[in-house]
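Participant: Please put together the full structure from these sequences, using the hints given.
There are 2 protein chains.
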Amino acid sequence: QTPNLQTPNLQAAVLQAGYRSGRLRVTEVIAAVYDRIEARGDDAVWISRFPRSQALARAAALDAQRDALFGPPPAPTAPMAPAGSTGSATGPDHDPDGLGGATPDLPALFGLPFAVKDNIDVAGLPTTAGCPGFAYEPTEDAPAVSALLAAGAICVGKTNLDQFATGLSGARSPYGTPVSPFDPTLIAGGSSSGSGVAVAVGLVTFAVGTDTAGSGRVPAALTNVVGLKPSRGLVSTRGLVPACRSLDCLSVFALSVPDARLALSVMNGYDAADPYSRRLPLMPPADDAPAPDAAPAASLFPPEQGASGNNDHPPRPPHGLRVGVARPEQLTFFGDRGARAVYDDGLRLIRGVGARTGEIDLGPFLAAGALLYGGPWLAERFASVGEFVTARPDEVHPVVRTVLEPGASITGVETFRGLTHLRALRRQADEIWRDIDVLVLPTVPTTYPVEAVQADPIGLNARLGRYTTFVNLLDLAAVAVPVGFADGLPHGLTLIAPAGRDEFLVDLAARLHARTGLPVGATGHALARSGPAGRPGTPAGFLDLAVVG
Amino acid sequence: QTPNLQTPNLQAAVLQAGYRSGRLRVTEVIAAVYDRIEARGDDAVWISRFPRSQALARAAALDAQRDALFGPPPAPTAPMAPAGSTGSATGPDHDPDGLGGATPDLPALFGLPFAVKDNIDVAGLPTTAGCPGFAYEPTEDAPAVSALLAAGAICVGKTNLDQFATGLSGARSPYGTPVSPFDPTLIAGGSSSGSGVAVAVGLVTFAVGTDTAGSGRVPAALTNVVGLKPSRGLVSTRGLVPACRSLDCLSVFALSVPDARLALSVMNGYDAADPYSRRLPLMPPADDAPAPDAAPAASLFPPEQGASGNNDHPPRPPHGLRVGVARPEQLTFFGDRGARAVYDDGLRLIRGVGARTGEIDLGPFLAAGALLYGGPWLAERFASVGEFVTARPDEVHPVVRTVLEPGASITGVETFRGLTHLRALRRQADEIWRDIDVLVLPTVPTTYPVEAVQADPIGLNARLGRYTTFVNLLDLAAVAVPVGFADGLPHGLTLIAPAGRDEFLVDLAARLHARTGLPVGATGHALARSGPAGRPGTPAGFLDLAVVG
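Listed in order, the protein sequences are those of chains A and B. Here the first sequence stands for residues 1 to 549, numbered as in this note's numbering. Here the second sequence stands for residues 550 to 1098, numbered as in this note's numbering.
Please note that the accuracy of each hint is not assured.
[Stated by the list, open to error] To give an idea of the interface, some chain A residues facing chain B are shown, with a C-beta separation under 10 Å as derived from the structure:
1) Cys-244
2) Leu-378
3) Ala-383
4) Gly-412
5) Gln-428
[Unchecked claim] Chain B stretches covered by chain A per the calculated footprint, using a threshold of three residues with CB under 8 Å from any CB of chain A:
6) 928-940
7) 963-974
[Claimed, not checked] Here are the simulated distance ranges between beta carbons:
8) A:Gly-124 / B:Thr-939: 53 to 63 Å
9) B:Ala-821 / A:Pro-328: 25 to 35 Å
10) A:Arg-278 / B:Thr-939: 30 to 40 Å
11) B:Glu-686 / A:Arg-423: 21 to 31 Å
12) A:Arg-392 / B:Arg-972: 22 to 32 Å
13) B:Glu-686 / A:Gly-363: 32 to 42 Å
Think of the hints as simulated: they come from the structure by calculation, not from any bench. Every residue gets a Cβ at the ideal spot worked out from N, C-alpha and C, and that includes glycine.
Facilitator: Set out below in structure tokens:
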């Protein structure tokens, strides 16, 4: 990897410590962000941006808000933390007033630059969904975006995507193909292609993506960042151009798990106007998972080998955690030996913290994934954008059109049969979930050159989604975490658990990420420590979480 | 009403007290049941029956089982309790050994005759689903039937139904139309037409029905019996010819709520092989309903008017219970003044026990109901039996064919849009459920002559389902309870609550039914007292329920 040593460190802990102390001004950060975006030229990351002047005006208002609370900053302001600095934000010099997490006055996302995938409404910029002919001018922010702005974050612009969020490569956009920060001949993943790269190369602290079949995780794996795909219904999908409306999730890309969690803590919330919004416990009590009448399942993990796995939820360390992994014959990397090596390294890291791994049958999961493009859910995609595709076929990306058009001829009978089939697969998966606390899989089996994807856009796309596509169909939550590099390319794991276990997953993912010792994204910076104890993955709740300097 | 004074009293408490004391033999009861069935001749109630000899052999085995436990019966055995007796089973003479509920040795349904709707598999009898050409010979009992038999109940036979359970009148069967026990020119309701009548006229203690759009409630209302439609997924639907597979429920008809509850306590249970089976709390804790982040809803019931409604679950009396009723302009009886009068009487009974009624907007409920035949769920019906309908149209009832055939041309796009529409309606209904504990509606607005239904089979069917069709779509449980008579015809109310509240509903329904003072079904018998304290609706759990003599 060749990290850019000029890359600013935009991790939330670093920025917020700087803002609070006055060493760093929001205007400085935003100016640096725009400088860097302009210096990169046409990198296919953005579809539209707010003008620099507008972002700077908002930054200046935030600086004034800060000064009203803490007084004028010390002069002269320090330069931004250079690359190669520790990235630690917990030294005493970062919190001179000693207020730490007890300062309630700066909003949670104060001064953090972010990007939004261009299938989500942000008032003031068009929503294109990756299709110029489809574009419209939203008059309101999506509720999730509105919450981020209200919490002090600064929206830089809208990022590129596979058209209509249909694809996992990033190579299905008329706005160009964002490429891997680690090898410009390779894809960066999709469909949230621009969101992943924007975070990885240090243009924003976090980016909002979407994830129906893996669009919030595949780009994370290929750009060495974190991809947090929350439970369905945890974040409102109002203001989103739907892919599969019953499955779509807003997701977060960030350099670290705590940063992704911070954004989710602001975005999440029940929305009575979104039919698919849900009230979910983020951290259900340990004893509610197995029903009282549940017959004992054959256990992969004999009790004598460790503590009672069912009770191992944060804040306790993952001692005795039961980790499901794929059987060897169901695990393929399509010949990518580097990917396999990093996968093995990742499992060693997990076992190193006292978790036990056991092989499970991935069959029901893979079968559920196959339904998304081989079953009736194509009709759900067609329900969203099919009228446009039918009316203006020439304005649709040819690959996307090829994928979407069969959705028109799926029958209601096939749809109900597919729903029942999925229900049966979910029943099988539920039995597996009685045996394990978390499922750990490669996020993607391998990656491909842009040219290869263009030559076989549908076949290679299916490969990319092998370990991601089933997640929303089976009502699961997932976090994609970087784990290591092989031959200069990043590889990661995804941690998966039933919906509602987001907090549990995030805690586990933070611990895993911290143990990798990896630099974050393509920035060259170390993972910032965060939380009162300087411990990554501090198990605070989403709602009371505080990132301190 | 003209009750048949020769009708045996088949209520479970009466039979079981007799069996235990030895005054009554199972063989006697079964012989009387077959005598009575034969005396009625062709009443269109049955599609098939087990031979008398086979039922008597099983009865004899049960009598022997009883004698092995309690010794030989006192000779001579007493005649069956004549009609006009109190029906009470709690006098000391009924429990001479004083064992009461502490006798674990007789199975829960020992010696109780029952019937099964003929779209549910019973090994040894064909399953016709009301269509001779469709009939097949099942090799296994449906799991629910199997459980009933294992608990000592005696299956008499299979009952008539609207073909493929598509209809609410009972007038869509090639096996004839069962008629009201109170007026032979009137329908008895459907689709579980034979099940309702078999219970009402005293041929069985209880009957298994099914309920997708109201088939387990409409016949109850028209025959003065109880119709218990449990939560979706509480009873396995394996061995059922599906109507709408995602919505179908097995249901129970009985003369009393405790008898219906007794049968359900045996039938219910998670079935891993049924994709739509669910693990459901029958009695969720009182404080789990409103989510912690729930915004306060505008309340129909100002707190100063009574106790905190949310905590009013059984076993406490329904003091302060919040009862939702329809707004006057949404309440129609299609001109049936008797039905309206009994409805008003029913609400007075409910208010008489300290419950508060408040008007709610029935709009989302009615809109959801309209989706069942006017939306994509017709495609789900077609997924079940469409191939047969297409292949052998002449063997399908013409009205049923007219209803089903449009299901073939519904698209997947329409289906997913319908699912989202339903989700939005459910969201609106959920808001209403934050305001009320139970919704009380007429079970049917009115009833019709068989001839009228034959003249307008689809229009009048829709009227019959006005207050029932939405229940499964919105994932609710319901109990239809007799409330009173007008002009010699029975009318009832249905109590409705969210899925999982079955026990709560059953308790409430038992109290309401007891307060009506009505004779049960068309038997002329009084409601049997049951439970250790002789109190109807004793709030024991399904699984530890014991009916004592």
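Participant: Decide, hint by hint, whether the structure agrees.
Facilitator: Evaluated hints:
1. At a threshold of 10 Å, the smallest CB-CB gap from Cys-244 (chain A) to chain B is about 8 Å, leaving the interface hint in force.
2. The beta carbon of Leu-378 (chain A) comes within 8 Å of a beta carbon in chain B, closer than 10 Å, and the hint placing it at the interface holds.
3. Evaluation of the Ala-383 (chain A) hint against chain B yields a held restraint, the C-beta minimum of about 4 Å falling below 10 Å.
4. With 10 Å as the threshold, the beta carbon of Gly-412 (chain A) comes within range of chain B, its nearest partner Cβ sitting at about 3 Å, so the hint holds.
5. A least Cβ separation of about 9 Å between Gln-428 (chain A) and chain B falls short of the 10 Å threshold, and the interface hint therefore holds.
6. Given as covered by chain A, the stretch 928-940 of chain B passes the check, having 5 residues with a CB less than 8 Å from a CB of that chain where 3 are the minimum.
7. Figure legend: the stretch 963-974 of chain B, annotated as covered by chain A; annotation consistent (8 residues with Cβ-Cβ distances under 8 Å, at least 3 required).
8. Hint check: Gly-124 (chain A) to Thr-939 (chain B), Cβ distance near 54 Å, so the stated range 53 to 63 Å holds.
9. A hinted range of 25 to 35 Å for the beta carbons of Ala-821 (chain B) and Pro-328 (chain A) is consistent with their spacing of about 27 Å.
10. The hinted range of 30 to 40 Å is satisfied by Arg-278 (chain A) and Thr-939 (chain B), whose Cβ atoms lie roughly 39 Å apart.
11. The supplied range of 21 to 31 Å is met by Glu-686 (chain B) and Arg-423 (chain A), whose beta-carbon atoms lie about 28 Å from each other.
12. Remark: the range hint 22 to 32 Å for Arg-392 (chain A) to Arg-972 (chain B) is upheld by a beta-carbon distance near 29 Å.
13. Hint check: Glu-686 (chain B) to Gly-363 (chain A), Cβ distance near 33 Å, so the stated range 32 to 42 Å holds.
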